[in-house]
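Visitor: Chains as they are written, first to last, in my numbering: chain A, 1 to 239; chain B, 1 to 128; chain C, 1 to 388.
Note that these hints are calculated values from the structure, not bench results.
These numbers come from a predicted model, not from an experiment.
Hints may contain errors.
In silico DSBU-like pairs for lysine-lysine, Cα to Cα no more than 35 Å straight-line [stated by the list, open to error]:
id	chain 1	residue 1	chain 2	residue 2
1	C	K301	A	K89
2	B	K49	B	K65
3	C	K235	A	K91
4	A	K91	C	K301
5	A	K127	B	K103
6	C	K116	A	K127
7	A	K166	B	K70
8	C	K327	C	K357
9	B	K9	A	K91
Next come the chains, spelled out residue by residue.
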Amino acid sequence: MTDLWNISLIISRQKTARKRYFDTFQLEVNPDEYVLDAVERVWAFHDRGLAFRHACHHSTCGACAMLVNGVEKLTCITSIRSVTHNSGKLKIEPLRNFPVISDLVVDMSSFYTNLELARFTQVATLKDASLPYEKEQLDTTHERLVDCIECGMCVSACPAAHTSEKYHGPGVLAAYQHSYNQEKDQFLLEAVDCQDGVWRCHNAFECSSVCPSNVDPAWRIMNLRRIIIQTRLGRLFKK
Amino acid sequence: MENSPSSSKFMRWFDPRYRQVGTWAFILNRVTAIGLTVYLVLHLFMLGKLAQGPEAYDSFIALAKTPLIKFGELLVVAAGILHGLNGIRITLNSFGVLVRYQKQIFIILLILSVTAIAYFAYFMFFLA
Amino acid sequence: MPKKPHAIIIGAGFTGCALAHDLALRGFSVTVVERGEIASGTSGRTHGLLHSGGRYCVTDQEAAIECIDENIILRKIAKQCIEFNSGLFIALNDADLEYAPKFVEGAEACHIPLEKLTGKEALQLEPNINPGVILAFRVPDGSFDPLRLALAFAASAHKNGARFLTFHDVTGLFQDGKGVVAGVEVWDRASDKKISLQGDIVINATGAWAGQVAAMAKVEVPVVPTPGVMVAFDKRLTQHVINRLNEPGDGDILLPQRRMTVIGTTSFEVDNVDYIPVIEDQVREMLERATELVPPVRNTKMRGVYMSARPLIGTIVQGRSLSRTFKCYDHQINDGIDGLVTITGGKATTCRIMAEKTADLVCQKLGIQSECHTSEIVLTSYRNFYQS
């Protein structure tokens, strides 16, 4: 039996049309449990008013992404042990760069709208689902759900997304790259070849560093840039 | 208003917590860029003054040999080296080249830069 | 033009969302009230197995037929979130081999397509399975993303006018002068306000919590929350779903999903379903079972561990022998309280037929003639749920 830890959970609260504030809860937890479990305990035993998103508890749905001690984490696979110590604190806040609906729940509707515009499909062949630099099988007979779980952590971590609301953001641009790789449709390139598309990125690489799911959005953005430049140069020389 | 400036957005750029190598490289490039631009303006101003004759030139050279100005010039050299090398890294990355190694490349160029700056420092303060 | 009947559905898991879709198609005005996010109860936590029915074709043929029929329909209408790579039932010892002829017979009785493979062929298909595999059967199993399946139904319902009120807790059911349930009292957590919603019919689709919600109208529903543990591993070790060729037991399903492998599950009873801590012994058991089926699991890092409480119907007998089919309770017939219907039990794979039967009952109660079309209509993209 693992020894239990005593930790404080400092959770960001915000109700409609009211100012944001923090609530502190003391919990006794098994450190091998996940941060999401701790948040759920707070809801179950301390405050039923706490609003937070979660569904699958095993990193396939992307709903439980939150800021834990200032860093984006997918809380269902982030063990308490990895982010704090006995008698430690856990500051839990909603993702950045999205409007807050309530407590830890953010409004990601524009993110989803843009993913639809990118014609991003969740199921692809094994080959299309993985990145070209990975030595995975070039299997086209089996299919799987792709890496991106649409959690929004990349958008939350991106400094450019913080400054510019119109910026497509890493997740959406990665989705365009994924779709282009499958469809090779010029329209997709034109949609991101703009001031608020691939060219807004400043190479901070924060997105790839927080992605819990092997998407590597930064690589995909640079890949799109390369394809766009090659296409443009090609057109220039054809004339 | 979309894309409108705000003080919180401005302050977030200067929040150093939990940032990765990529963001530090970006911040470094911005700071060195500002430094080099300021230097360029000062340099042109100085050149303008020098065109006024030999006495202006001599007094300027005397000033240039003081340790404070020498240190300032070292900073300019440092800025130039860092901005240049990082600029090459960013350009390569932007064309989809070596993106997966951006962290390692940054570390290497930091080491190269520090070595080059140390050499220049030695040259400027002990030989010249 | 007669006013549309207003149905209030409590619970936005698979059942609630599929029902909202069905009723909206049949011309109802629908409001779904959910205390969390869509699928934040049991539904979200399913490991995501799209059953072929093979698991039940010997012990529970009614369930097996339901599964294979719905499997074919879901593959058509919910393609957007299903990995369809088939599944294998593998025999590792003599006990398993003895089960094989029963399995073949059962599959035939339930019209589940089977393909028999030798141990060698199975290993060629899936090099990571136990090298001691003697024989295997291929079945049309699949793997789906739980949240997105629920969202796909919800998005389709939303497109047809259904309203989803998430983060709204139902605090009570109120009745009109004649004792008929006429609506729900709701607490909107986002704005911390209490509101009343009136409806022509209230449907309790809260799965494992069906008993708790029914109690608000002072009726009983015999649902037993039965949790089990699931473990997700950090590598996709197989392309097919791997099942043990034997009677349903603990830890005998191992499925691929994205870059993971998920194993489940166990079975035990609890009282409080709102928070169930993980039991370490059960995790160890899962690890052993998984390793039997796919040995490389032993060296694969665990990515996530969690508990999921399924709603099993019946009185408490033994956890695993309770029927997994679903039941609609018309509380007017059972308890003399009109205006309230409960639907509970079932599994994710059968959510659409659960919704169809419930919608049929609701229409019958309200004297409405209608047909179900949900088996033909391809669901809209799950992302459209978030559009206004």
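Visitor: So, for every hint listed, does it hold in this structure?
Guide: Results for each hint:
With a CA separation close to 27 Å, the supplied pair C/K301 and A/K89 stays within the 35 Å bound. A threshold of 35 Å between alpha carbons decides the hint, and for B/K49 with B/K65 the separation of about 17 Å falls inside it, so the pair holds. Among the hinted pairs, C/K235 with A/K91 is consistent with the structure: their alpha-carbon atoms are about 30 Å apart, no more than 35 Å. Restraint check for A/K91 and C/K301: satisfied, since their Cα atoms lie roughly 27 Å apart, inside the 35 Å limit.
The hinted pair formed by A/K127 and B/K103 meets the criterion: a straight-line CA distance of about 27 Å does not exceed 35 Å. At most 35 Å may separate the alpha-carbon atoms for a hinted pair to count; C/K116 and A/K127 meet this at roughly 28 Å. Under the criterion of a C-alpha separation no larger than 35 Å, the hint pairing A/K166 with B/K70 is inconsistent with the structure, at around 45 Å. Note on C/K327 and C/K357: the hinted pairing holds, with a Cα-Cα distance of about 9 Å set against a maximum of 35 Å.
A hinted pair counts as satisfied when its Cα atoms are at most 35 Å apart, and B/K9 with A/K91 qualifies at roughly 21 Å.
Consistency with the previously given hints fails for number 7 only.
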